[in-house]
Structures are given as C-alpha cells and as structure tokens.
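Residue-level listing of the chains:
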Amino acid sequence: QKEVEQNSGPLSVPEGAIASLNCTYSDRGSQSFFWYRQYSGKSPELIMFIYSNGDKEDGRFTAQLNKASQYVSLLIRDSQPSDSATYLCAVTGPYGGATNKLIFGTGTLLAVQP
Amino acid sequence: DTGVSQDPRHKITKRGQNVTFRCDPISEHNRLYWYRQTLGQGPEFLTYFQNEAQLEKSRLLSDRFSAERPKGSFSTLEIQRTEQGDSAMYLCASNLDTRTDTQYFGPGTRLTVL
Numbered sequence: 291q292k293e294v295e296q297n298s299g300p301l302s303v304p305e306g307a308i309a310s311l312n313c314t315y316s317d318r319g320s321q322s323f324f325w326y327r328q329y330s331g332k333s334p335e336l337i338m339f340i341y342s343n344g345d346k347e348d349g350r351f352t353a354q355l356n357k358a359s360q361y362v363s364l365l366i367r368d369s370q371p372s373d374s375a376t377y378l379c380a381v382t383g384p385y386g387g388a389t390n391k392l393i394f395g396t397g398t399l400l401a402v403q404p
Numbered sequence: 007d008t009g010v011s012q013d014p015r016h017k018i019t020k021r022g023q024n025v026t027f028r029c030d031p032i033s034e035h036n037r038l039y040w041y042r043q044t045l046g047q048g049p050e051f052l053t054y055f056q057n058e059a060q061l062e063k064s065r066l067l068s069d070r071f072s073a074e075r076p077k078g079s080f081s082t083l084e085i086q087r088t089e090q091g092d093s094a095m096y097l098c099a100s101n102l103d104t105r106t107d108t109q110y111f112g113p114g115t116r117l118t119v120l
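Those protein sequences? They're chains A and B, same order as listed.
All residue numbers for the first sequence refer to this note's numbering, where the first residue is 291 and numbers rise by one.
All residue numbers for the second sequence refer to this note's numbering, where the first residue is 7 and numbers rise by one.
Since the hints were made in silico from the structure, they are not lab data.
Don't take every hint at face value.
[Unchecked claim] The list that follows gives simulated cross-link-like pairs (lysine-lysine, BS3-like), each with its CA atoms no further than 30 Å apart:
| id | chain 1 | residue 1 | chain 2 | residue 2 |
| --- | --- | --- | --- | --- |
| 1 | B | 17 | A | 332 |
| 2 | B | 20 | A | 332 |
| 3 | A | 332 | B | 63 |
| 4 | A | 346 | A | 357 |
| 5 | A | 357 | B | 63 |
| 6 | B | 77 | A | 332 |
[Claimed, not checked] Stretches of chain A that chain B covers, calculated by requiring three or more beta carbons in the stretch to come under 8 Å of a beta carbon on chain B:
| id | region |
| --- | --- |
| 7 | 332-346 |
| 8 | 373-382 |
| 9 | 395-403 |
If you're wondering where the values come from, they're calculated on a predicted model, not measured in any experiment.
Even for Gly, the Cβ is constructed at its ideal location relative to N, Cα and C.
Build out the structure end to end from the sequences listed, making use of the hints.
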C-alpha cells in the first residue's frame, strides 16, 4: 500500500463547476496535510495546508480533513480553465519527527473544460 | 525575488558525467530539502539539512549522490557518473523551523542524461 494515494485522473469538470480531489494516507501519525498545484513542467506551488479535522476555506478552495478515515480532500469552487493542473497531496509525519519531510501522492490531473 | 532559487534550470549531460546543482533557499529558512520527481510521479524525498547538518538521507540516494550545505546557506547536490535513470526534475524546498511544516519549492532543475 502506498503511503499517500490519489486517483491519477484525469478529472474533467466544466467551467464553473466544483472540482473534488481526494487523497488517502496510511500513516495514522501524520500531522500535517498539504495540497500543491503543479502546472506541466513547473514546480509545485502551495495551495493549502490543514492540520485539524474539519474544513478550512481559502477563497475558492476548501480543504477537508478526516483523521479517523485517514482522508483529506480539496474542493475547488467555480473552477476555471486556469485551474487545470496536477494537484499533489502531501503529508508529513508525526510532529516532532526529525525532518518533517513531505510524502507525496502521484497527483490528480484536473482538466477544466471551457 | 525572495523565493527559493535553483541553478541551472536545465542540464543535459552524457551518461557517466558528473553534474552539480545549486539551491539558494529563502534567506531566513534554516531547513532545506531536496526532492526528485520523475514523469507521472509525485516528488520523492532525497535529503534534508537543518542549518549545515545533513540529518537524513533517503535510501533513494545512492553513493553516487552527495549533498552539502556549507555554512547553512545555499546547498549543492552532486551526481557522479550519471545514468539515464537519473533523468528527472530535482526540486529544492525550504522552510523555517517553527510550528508550521510548510515547504516552499524552487523552480527545479531538469536533468536529462543522454
């Protein structure tokens, strides 16, 4: 079982719709959860981070975390063609771990159709 | 620009040659990470520095790879006797040793080994 799993997609949504991206993780001790956006040929760009169970909203983006189910998601409201990219889910280990290195999923490719 | 910078952005080399990449983190950040990303995969952790100390190396980091961070500022990643399998995007990220684990990525160095 991979440590962080995502559906590779592509996830195709029409412009203006809500895009829902999902991620599961295997380490129950994971403390911090991140969503990065990556355009083709570019480096990852931080979209959101979440530490506590529940929802966290930032503009058109909402991150949701359920530690009991080991599940984290990202909702993108009013999707725009410029949102078309690969979305990477990443987690870090238990707080106080030596490195807090990021463990990434393989990413979900989102395609927003005009 | 006060973000993470990497040099060069692209490197083409022949198999068997040595290459060196440089990363300049955000100036006040004491933590520095190297990741490698191949096509269709998420970034994979290679190594981590806190100040000038290299505190963790991944099993992915064979003995052909070496990284340094003299004086706790910029870092270099050297690959000796490159192989075609080393072709990838090499990403550097940094953050500050505080409660947040958020890492900020540089633009990456794309290595092609012919």
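Verification of the supplied hints:
| no. | hint | result |
| --- | --- | --- |
| 1 | B/17 / A/332 | holds (15 Å) |
| 2 | B/20 / A/332 | holds (24 Å) |
| 3 | A/332 / B/63 | holds (25 Å) |
| 4 | A/346 / A/357 | holds (14 Å) |
| 5 | A/357 / B/63 | holds (28 Å) |
| 6 | B/77 / A/332 | holds (29 Å) |
| 7 | 332-346 | holds (count 6) |
| 8 | 373-382 | holds (count 3) |
| 9 | 395-403 | holds (count 3) |
Checked against the numbered hints listed earlier, the structure breaks none of them; every hint is satisfied.
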